[in-house]
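Protein chains: 6
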Amino acid sequence: MSTVKLIQYEEASAEVRAVFDDIKKTRNVEDVNNFWKALANHPDTLKRTWQTLKEVMQPGELDALTKELIYLAVSIANKCNYCVHSHTASAFKKGMSAAQYQEFLAVVGMAHETNGLAIAMDVPIDAQFLVGDEE
Amino acid sequence: MSTVKLIQYEEASAEVRAVFDDIKKTRNVEDVNNFWKALANHPDTLKRTWQTLKEVMQPGELDALTKELIYLAVSIANKCNYCVHSHTASAFKKGMSAAQYQEFLAVVGMAHETNGLAIAMDVPIDAQFLVGDEE
Amino acid sequence: MSTVKLIQYEEASAEVRAVFDDIKKTRNVEDVNNFWKALANHPDTLKRTWQTLKEVMQPGELDALTKELIYLAVSIANKCNYCVHSHTASAFKKGMSAAQYQEFLAVVGMAHETNGLAIAMDVPIDAQFLVGDEE
Amino acid sequence: MSTVKLIQYEEASAEVRAVFDDIKKTRNVEDVNNFWKALANHPDTLKRTWQTLKEVMQPGELDALTKELIYLAVSIANKCNYCVHSHTASAFKKGMSAAQYQEFLAVVGMAHETNGLAIAMDVPIDAQFLVGDEE
Amino acid sequence: MSTVKLIQYEEASAEVRAVFDDIKKTRNVEDVNNFWKALANHPDTLKRTWQTLKEVMQPGELDALTKELIYLAVSIANKCNYCVHSHTASAFKKGMSAAQYQEFLAVVGMAHETNGLAIAMDVPIDAQFLVGDEE
Amino acid sequence: MSTVKLIQYEEASAEVRAVFDDIKKTRNVEDVNNFWKALANHPDTLKRTWQTLKEVMQPGELDALTKELIYLAVSIANKCNYCVHSHTASAFKKGMSAAQYQEFLAVVGMAHETNGLAIAMDVPIDAQFLVGDEE
Numbered sequence: 626m627s628t629v630k631l632i633q634y635e636e637a638s639a640e641v642r643a644v645f646d647d648i649k650k651t652r653n654v655e656d657v658n659n660f661w662k663a664l665a666n667h668p669d670t671l672k673r674t675w676q677t678l679k680e681v682m683q684p685g686e687l688d689a690l691t692k693e694l695i696y697l698a699v700s701i702a703n704k705c706n707y708c709v710h711s712h713t714a715s716a717f718k719k720g721m722s723a724a725q726y727q728e729f730l731a732v733v734g735m736a737h738e739t740n741g742l743a744i745a746m747d748v749p750i751d752a753q754f755l756v757g758d759e760e
Numbered sequence: 626m627s628t629v630k631l632i633q634y635e636e637a638s639a640e641v642r643a644v645f646d647d648i649k650k651t652r653n654v655e656d657v658n659n660f661w662k663a664l665a666n667h668p669d670t671l672k673r674t675w676q677t678l679k680e681v682m683q684p685g686e687l688d689a690l691t692k693e694l695i696y697l698a699v700s701i702a703n704k705c706n707y708c709v710h711s712h713t714a715s716a717f718k719k720g721m722s723a724a725q726y727q728e729f730l731a732v733v734g735m736a737h738e739t740n741g742l743a744i745a746m747d748v749p750i751d752a753q754f755l756v757g758d759e760e
Numbered sequence: 626m627s628t629v630k631l632i633q634y635e636e637a638s639a640e641v642r643a644v645f646d647d648i649k650k651t652r653n654v655e656d657v658n659n660f661w662k663a664l665a666n667h668p669d670t671l672k673r674t675w676q677t678l679k680e681v682m683q684p685g686e687l688d689a690l691t692k693e694l695i696y697l698a699v700s701i702a703n704k705c706n707y708c709v710h711s712h713t714a715s716a717f718k719k720g721m722s723a724a725q726y727q728e729f730l731a732v733v734g735m736a737h738e739t740n741g742l743a744i745a746m747d748v749p750i751d752a753q754f755l756v757g758d759e760e
Numbered sequence: 626m627s628t629v630k631l632i633q634y635e636e637a638s639a640e641v642r643a644v645f646d647d648i649k650k651t652r653n654v655e656d657v658n659n660f661w662k663a664l665a666n667h668p669d670t671l672k673r674t675w676q677t678l679k680e681v682m683q684p685g686e687l688d689a690l691t692k693e694l695i696y697l698a699v700s701i702a703n704k705c706n707y708c709v710h711s712h713t714a715s716a717f718k719k720g721m722s723a724a725q726y727q728e729f730l731a732v733v734g735m736a737h738e739t740n741g742l743a744i745a746m747d748v749p750i751d752a753q754f755l756v757g758d759e760e
Numbered sequence: 626m627s628t629v630k631l632i633q634y635e636e637a638s639a640e641v642r643a644v645f646d647d648i649k650k651t652r653n654v655e656d657v658n659n660f661w662k663a664l665a666n667h668p669d670t671l672k673r674t675w676q677t678l679k680e681v682m683q684p685g686e687l688d689a690l691t692k693e694l695i696y697l698a699v700s701i702a703n704k705c706n707y708c709v710h711s712h713t714a715s716a717f718k719k720g721m722s723a724a725q726y727q728e729f730l731a732v733v734g735m736a737h738e739t740n741g742l743a744i745a746m747d748v749p750i751d752a753q754f755l756v757g758d759e760e
Numbered sequence: 626m627s628t629v630k631l632i633q634y635e636e637a638s639a640e641v642r643a644v645f646d647d648i649k650k651t652r653n654v655e656d657v658n659n660f661w662k663a664l665a666n667h668p669d670t671l672k673r674t675w676q677t678l679k680e681v682m683q684p685g686e687l688d689a690l691t692k693e694l695i696y697l698a699v700s701i702a703n704k705c706n707y708c709v710h711s712h713t714a715s716a717f718k719k720g721m722s723a724a725q726y727q728e729f730l731a732v733v734g735m736a737h738e739t740n741g742l743a744i745a746m747d748v749p750i751d752a753q754f755l756v757g758d759e760e
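Chains as they are written, first to last, in the working numbering: chain A, 626 to 760; chain B, 626 to 760; chain C, 626 to 760; chain D, 626 to 760; chain E, 626 to 760; chain F, 626 to 760.
Certain hints may be false.
All copies of an identical chain are treated as equivalent in the list; a pair is satisfied when it fits inside any one copy or across any two copies.
Claimed, not checked - Below, in silico cross-link-like pairs of lysine to aspartate or glutamate (EDC-like), each with a Cα-Cα straight-line distance of 20 Å or less:
#, residue 1, residue 2
1, Lys718, Asp751
2, Lys718, Asp669
3, Lys719, Glu635
4, Lys719, Asp688
5, Lys679, Asp669
6, Lys719, Glu686
7, Lys719, Asp751
8, Lys672, Glu640
9, Lys679, Glu636
10, Lys649, Glu680
11, Lys672, Glu635
12, Lys630, Asp688
13, Lys630, Asp751
14, Lys719, Glu640
15, Lys650, Glu686
In short, the hints are calculated from the structure, not lab data.
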C-alpha cells in the first residue's frame, strides 16, 4: 500500500504519458513498473528521474549487467524492499545466471559482515589507500 | 583511532602469523591491511573471515573486478568509511579505469536517489517481479 | 504482524488508559494509533515516549508542519515503513498540500543521492563549515 | 582524505568551470564547496547534480529554510558526516536561529527513537493511514 | 515473497539435506526456518553460514541469551524485518522474559535517539575513549 | 569538529550545571563526556536525555553490562562512530573482558552478514514467529 495513488496510463496527463511512452519504448515493455506510476504524481521528478536513469544505466565503460548488480547491491544495503525485487528481476532479465546470483549474494553477505566489523573496531585507514586531497 | 590495538607481525602469535602469511602470499603484498591487524585481536574471527573472503572473492562466474565493485557499492551504502577507502583502492588495483569509476559513482548516486523515493512512497511490488514462494 | 500484542483500550491498565486518554484528548481523535497500542506492553516506555513526543512536537520556534516534515524525512532515511505511513498521514492532516508533498519528495530524493556521492568520495569537510570545538 | 583529487578552478576544464561559475553566481560565493570540487572528476554527474539541486532547492511551495532542514534531517539519518556539516552551515546561512536548531535536534532525536521502536516491534500500519493503491 | 524459491527437505540435494539435518539436530526442531530454505539455493553459502553461526552462537564467555539480544539489537538497527522476527522469537525461546524484553526495547529506543543526536552534532571523541592505535 | 560548541562546566548555566553534577555523581567521574557538553546547547534535550538514560540503563531485569552490549550493538549497526567509542569504553568499564569482546564482535559480524542475506532474498517470515496481532 503506497502513500500515493498509482497513476495508470489511461488517467495520466500528456506530460506523464510522454515519459511512460519513452520508458515502454526504451525497455520494450507493455507497461511501466509501479515505481514510475507512483512517481507520476510528481511529473517533474518523474521526468528528471527517468532521464537520468536512462543516461546512467546505458552500457558504457561498464556493461549493463554490471551496472545492474551495483544498483542491486546498493538497494540491498539501503534496505529498499521494492528496489531489491525490481533490480533482482532486472538483473535476471539482463542475463544474470543462477550461478552468478549465488556468487553475487555471497559477496553481498561478506561485505555486510566486514562492514560491521570495520565499523565496530573503527579501523584506521591505511596510508596507501589515500590518494585524494588532504583533509 | 581504533577500539583495539593493531597487531603487527612481529608481535603476532604463530596462529595469527599463519593467516598474515597466507594473505601476503595470496595478494602478493609485503604487509597486510589494518583491517587484518585489528581483527588479529580475535584469532578465530580473523581466520574465518580471511578464509571466507578468499573463497568468495576469487574469480568464478563473476570476474574479480565485478565482485570488487559489488563489495564497494555495499560499503558505500552501509557508510563504512574504512571499507570505502580499502575497496576503492582495491578496485583500482584490479583494473578499474577512471572512466569506469565515473560511471560506477553515477550508478551509486542514482541508486541512492531511487531507493529514497521508493521507500518514501512505499511503492507496491509489481506482480511480475515475484518469482519466489508465497509469503 | 507485530512482535507484540496490540493493547486495546478495553483491556488496558489504568496507567495505560491515562496515557491513551491524554493522546486522544491532545490529538482530538477517537482512538490511538497502533504504535501506542504496541508500546502499551511497556508502560514506562509508553509514558515517557508520549510525554517527550508531546513536548517536542508542539509548535515553538518551528511550526507544527515543519516539525512533521523533519520527522518524516528522518523516518524515510531510517527505512521505517510504519513511520513513513504514519508521518505522511500526519503531515497531510497538519496541512501539507499535494504540491508541497511533491517538493518534499524531490528534496528527499536529492538528499539521498548527494549523501551517497559524498560518502562514496569521502569529501573532506570545508574549513568554513567548522564552527564547533576542535576534535 | 577523499578518494578523488579535489579539482580547483584553475585546473578545471571549460565544462567544469561553467558549472563552478553558475554555482558561485547562484549562491553569491567566492569559491565552491569541496563536494563540487570532488564531483568535478565526473563532469556529467557534476552538471546533472548541480542542475537538479538548483531546481529542487529553490523556494516554491516550501520555503528555502524548510527545504534545507529536510535535507539536513535526511543527511543525519543517512549518517553522511560531510552532508551534516555542509547542510547545518547552510541552514544557519538561510536564517536558522539557535533556538530553531535546538528544536530541530529534539525532533531528529525523537524520530530516531520512535523509528527504532516501531521497527523493533514491527507495528502494523493503521488502516486509516492507507490512502494509496492496494498492494 | 522471496526473490528465490524456498527449498524444502524433500527436494533438497544430499549436500543441503546434511546441513538441514545438522540444524534440526542442533536446535532440536522438526523443520528449519525459511532463512535456511532460501539460502539452500546457494549450498556453499548455506554450509558456511550455518557452520559459522553454530560456532559463534554457542555459549562461551557470553551466555546464549546475551548473544541473542546482541544479534536482535543489530537486526533492529539494520532494519531487517525477517531478522527482527526470527531473533525475537529465538530470544523468547532462550528464556527472555516479558520484563526483560521491555527493558531491552527501552535500551534499543534510547540508543537510537542518542545515536541520532551524536551524529547530528558530530560530537568529537573524548580522549579517554581512545585506547587503540593512532590513525 | 562538532556542529556546536562544547559547553564546559565553568561557562554552563545553573540549569546545565545541575545535570552535569548529577551525571558526575551518578557515574562517579570528574568530568562529563563530550556528548553531554554538546547537548548542553539544548538544555531541555540535555535534561530529558540524561533523565531517560539514567532510568533506562540502571540494572533491572537485565544487568548493566548486558544493557551496555545491546547499546553498543545498536550503535555499531547505526554507524555512529562517537557512540561506538563511548559505549566500547563503557562496556570495558562495566567489566567486559577481552574474551567477551571477541565473542561480542563475532556475533555482531555474523548478524550483519545474515541481515544482508535475509534482506537480499526477502525471506518470508515463518508462521511460528508470529505471535502478535494481524496486520
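Discussion item. Of all the hints numbered above, which does this structure not satisfy? Sort the numbers upward.
Written reply: 2, 3, 9, 12, 14 and 15
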